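Protein chains in written order, with the numbering used here: chain W, 1 to 323; chain A, 1 to 319.
The set of hints was computed from the structure by calculation and includes no laboratory data.
Just so you know, these numbers come straight off a predicted model, no measurement behind them.
Backbone N, C-alpha and C define an ideal beta-carbon position, used for all residues, glycine too.
Any given hint could be a false lead.
[Unchecked claim] Quick list of the computed label-pair ranges, beta carbon to beta carbon:
#, chain 1, residue 1, chain 2, residue 2, range
1, W, Glu278, A, Phe305, 28 to 34 Å
2, W, Tyr188, A, Asp313, 29 to 35 Å
3, W, Leu284, A, Met308, 43 to 49 Å
4, A, Asp309, W, Glu248, 26 to 32 Å
5, A, Gly225, W, Glu30, 26 to 32 Å
6, A, Gly132, W, Glu47, 44 to 50 Å
7, A, Thr178, W, Glu278, 47 to 53 Å
8, W, Phe91, A, Ala183, 41 to 47 Å
9, W, Pro184, A, Asp313, 36 to 42 Å
10, A, Thr178, W, Thr128, 30 to 36 Å
11, A, Asp309, W, Leu323, 41 to 47 Å
[Unchecked claim] Coverage of chain W stretches by chain A, computed from C-beta distances (three or more under 8 Å per stretch; other residues unrestricted):
#, segment
12, 53-64
13, 68-78
14, 97-105
15, 134-148
16, 158-169
[What the hints assert, rightly or not] Here are the simulated EDC-like cross-link-like pairs (lysine to aspartate or glutamate), alpha carbons at most 16 Å apart as the crow flies:
#, chain 1, residue 1, chain 2, residue 2
17, W, Lys194, W, Glu248
18, W, Lys159, A, Asp318
19, W, Lys252, W, Glu200
20, W, Lys159, W, Asp55
21, W, Lys159, W, Asp12
22, W, Lys194, A, Asp318
23, W, Lys252, W, Asp285
24, A, Lys159, W, Glu248
25, A, Lys252, A, Glu273
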Amino acid sequence: MARITMRQAISDALQEEMRRDESVFIMGEEVGVWGGTYAVTRGFYDEFGEKRVRDTPISEMVIGGAAVGAAMNGLRPIAEFMTINFAFVAFDAIINHAAKVHYMFGGQFNCPVVFRAPGGGGRQLGATHSHTPDSIFAHFPGLVVVSPATPYDAKGLLKSAIRSNDPVMFIEHHTLYQIRGEVPEEEYLVPLGKSDVKREGSDVTIVAYAQGLQVALEAAEKLSKEGIEAEVVDLRSLRPLDIGPAVESFKKTFKAVVVEEGYGLYGIGAEIVAQLQEAGFDYLDAPIKRVSQKDVPLPYSRELEQSALINVDRVIAAVKEVL
Amino acid sequence: MDKATLLEWYQQMVLIRRFEQRCSELYQQGKIGGFLHLYIGQEAIAVGTIGARGDNDHVITAYRDHGHAIATGCNLNHTMAEMLGKSTGLSKGRGGSMHLADKEKRFWGGHGVVGAHLTLAAGIALAEQYRGTDGGVLCYFGDGATNIGYFHEALNLSKVWNLPVIWICENNEYGMGTAVQRASAVAEIKDKARGYDIPNRRVDGNNVIEVYEETSKAFEAIRNGEGPQFLEMMTYRFEGHSMGDPLRYRTKEEVEERRKRDPLTFLVGHLQENDMATEEELDEIDEAMSAKLEEAVEFAESSPFPTMDSLYDHIYADL
Numbered sequence: 001m002a003r004i005t006m007r008q009a010i011s012d013a014l015q016e017e018m019r020r021d022e023s024v025f026i027m028g029e030e031v032g033v034w035g036g037t038y039a040v041t042r043g044f045y046d047e048f049g050e051k052r053v054r055d056t057p058i059s060e061m062v063i064g065g066a067a068v069g070a071a072m073n074g075l076r077p078i079a080e081f082m083t084i085n086f087a088f089v090a091f092d093a094i095i096n097h098a099a100k101v102h103y104m105f106g107g108q109f110n111c112p113v114v115f116r117a118p119g120g121g122g123r124q125l126g127a128t129h130s131h132t133p134d135s136i137f138a139h140f141p142g143l144v145v146v147s148p149a150t151p152y153d154a155k156g157l158l159k160s161a162i163r164s165n166d167p168v169m170f171i172e173h174h175t176l177y178q179i180r181g182e183v184p185e186e187e188y189l190v191p192l193g194k195s196d197v198k199r200e201g202s203d204v205t206i207v208a209y210a211q212g213l214q215v216a217l218e219a220a221e222k223l224s225k226e227g228i229e230a231e232v233v234d235l236r237s238l239r240p241l242d243i244g245p246a247v248e249s250f251k252k253t254f255k256a257v258v259v260e261e262g263y264g265l266y267g268i269g270a271e272i273v274a275q276l277q278e279a280g281f282d283y284l285d286a287p288i289k290r291v292s293q294k295d296v297p298l299p300y301s302r303e304l305e306q307s308a309l310i311n312v313d314r315v316i317a318a319v320k321e322v323l
Numbered sequence: 001m002d003k004a005t006l007l008e009w010y011q012q013m014v015l016i017r018r019f020e021q022r023c024s025e026l027y028q029q030g031k032i033g034g035f036l037h038l039y040i041g042q043e044a045i046a047v048g049t050i051g052a053r054g055d056n057d058h059v060i061t062a063y064r065d066h067g068h069a070i071a072t073g074c075n076l077n078h079t080m081a082e083m084l085g086k087s088t089g090l091s092k093g094r095g096g097s098m099h100l101a102d103k104e105k106r107f108w109g110g111h112g113v114v115g116a117h118l119t120l121a122a123g124i125a126l127a128e129q130y131r132g133t134d135g136g137v138l139c140y141f142g143d144g145a146t147n148i149g150y151f152h153e154a155l156n157l158s159k160v161w162n163l164p165v166i167w168i169c170e171n172n173e174y175g176m177g178t179a180v181q182r183a184s185a186v187a188e189i190k191d192k193a194r195g196y197d198i199p200n201r202r203v204d205g206n207n208v209i210e211v212y213e214e215t216s217k218a219f220e221a222i223r224n225g226e227g228p229q230f231l232e233m234m235t236y237r238f239e240g241h242s243m244g245d246p247l248r249y250r251t252k253e254e255v256e257e258r259r260k261r262d263p264l265t266f267l268v269g270h271l272q273e274n275d276m277a278t279e280e281e282l283d284e285i286d287e288a289m290s291a292k293l294e295e296a297v298e299f300a301e302s303s304p305f306p307t308m309d310s311l312y313d314h315i316y317a318d319l
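Just chain A, same shape as in the assembly:
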């Protein structure tokens, strides 16, 4: 991979991590409400996969969606404003943390019901196929989502109709507090895709280069009309499922062990080993991202809340 691309990815991954850390603070200050699910530890997946998409490709994910919003290029100010429930937010304060979306960036949300958006992804892909475009869909979900009926119906239909979808399981080892082996009949999630005759493979989700390369191959396959593809990205969420997670289901030792495989540590190591970036250059990126983030927080904090007379806006498009 060339230096410019890797530095671009580094920049995005740092921005996502800082964004999440800042959101954690804002949540503790009571400025972010509802549920808050942090993406820390999984950044390489959103960045590497979305880095491989073309101009007509779509992105849709579950509620752990901040990383995908940032990687698709959603305006950071408007993204942070949505976190704070402001009228300048991506979804005008109607969606919140779990429901970020930006149609212009072909980012279709941000969905809160586990597994449901896989069926939306099938429909978005169907529309592209119907119109005869080369567009495809990146659809993300956790390991826990592979146990709900939606998953199986969506995968089955995607194969029957040969839909251009790349199914991306972000296997972070736990569905909330339940370990994969306690909830899934098969140890390797990718084997579920085998049941629907969908080409599948496991990928080191903490290695942004491998993530990118495998996603690129999957895009090539769907462009060749080979139908849906399935990638199981192995990763780990460093923080709790959401804020307030008591973390009783895993040991500190396990978390420490997994932190050694931090996707940012990997990328920094790769850049330095290949003399692509000095520590000073990386520090500069860190500082620039922190500054950009503070600007977004300032924008969000100074934005107005939606007015009460806008409560009924957007219930219907026509009525």
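In isolation and in its complexed conformation, chain W is listed as follows:
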């Protein structure tokens, strides 16, 4: 099996789906001639032409809204926000329209749009360009929210997202584009709304996703050298949330840590902790800990920014607290 980068995996998923289905097209800022600001759509403009790889003005409101309209009227748009921070400008289009038109009109209209949005901290981009706002998007029924941690999942989930008849927010952590992983040559899909055990262990359960999952796996390897075996559950989809595997793991280990790159207050971790204690109260051996971004806007200066983010040491410390 080939080991490819997450960037390549996402690019391959887009290309395969565009070759498969004429109604799939891409729109966004610099997706065409430039080839995508993260180079995900490099070469697409030449292969598919300007009809299917559409450069837009810097107009997030209409990128979001026009993608919804085109989706309602039978196309499968992949609308790219240059970064998830700019998706805030399109929040109304995503939340009030993409996530509502199916329900609000009694199921008459489908909205098979995929919003791709790279995001996250750690690249010295300053407070407005470093958000991990995943929990905000995951808050609303009607939207599917996905954020992969591996090239395999990224490709399989994106292909499922494109084929889905529901609106999908596909959040890509920008520090993961370079990571490599095994991806089969043959076609496969990863189902939306299914979490996945990425590492087995019996001492503690670590629930994570996206960049947090990579941090959790690294922490688990280090813990293993100390004789502590962590089970690592990858949520993959934040909505619909598949809590089952995390609960099963927790009932086995009786201890859990939740890792997310976003803020802890009202975050993904808060939800996971709530659901774990509801489903597994009798199995609770220790308070469930959260590892999340410190409660500050992210600063520019490198070390200062890093000090606010999650890291392997913080995960290890949290695990040792619950053991």
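Knowing the structure of chain W, use the given hints to seat chain A on it.
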């Protein structure tokens, strides 16, 4: 215009007006909830523009949408049922007054966030262009919507991509209670379309014949590949912005003055001056429409509310 068409329009305009009057009563009786925005005074715009559309053309509007629903031919019983929140409503009781829609009639709603649906219209038009059809989109909005960012992004993109959209500003002089000149930097809304190099003109929105003719020309232009068109329909809303509007922002004298330009009065005058209809014939239409409306109210009242176990239906198409 031939007599049959004009009488058809008269019938639709009367039906819309009676529908709105009846909704006002039902709201006061507590049978319609939420917000209720009446279209009284603006009927000629929905009827005249939609009268000019072809088989593949779409309609999308804001929350003052009852007139557009009726003019696109939405089933009156199901439209009234939606007003009452019944399971037989167009949107199965999920949408209400502001969110009427009927996919079969190519009526895409009924949208509550000012300006947002202009971007949906751009996308609906893009899909037609993408598939190479001759379909276009009639997209309606009020004067107030031309001050929000959505408007400017949608107009700009429609021109850049040469989308088959007819932008229709229903200028009823007020965005809620704020007069156009207090909210818009330009006095004539059509001048905003000039900023995006979109052909534009002002139309007497109370004259259904002029509305139809100008819309027909706009359709001709988009079919010729000339891209988006912009029509500013001058009109006036006789009732408040929504039910419960204290109407502090305009005088009774102003409303009386504008009522002289009632689109129904204009059409009745035109029909009678040209010997196309007698008073008796028009009365008969009025009565027939009132009867049809009462049937719809009866249907809606006797329809069941959605069952509680249907609460979670239609959140997702696949899941």
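**Prompt:** Which numbered hints turn out to be false for this structure?
**Reply:** 3, 6, 8, 20, 24 and 25
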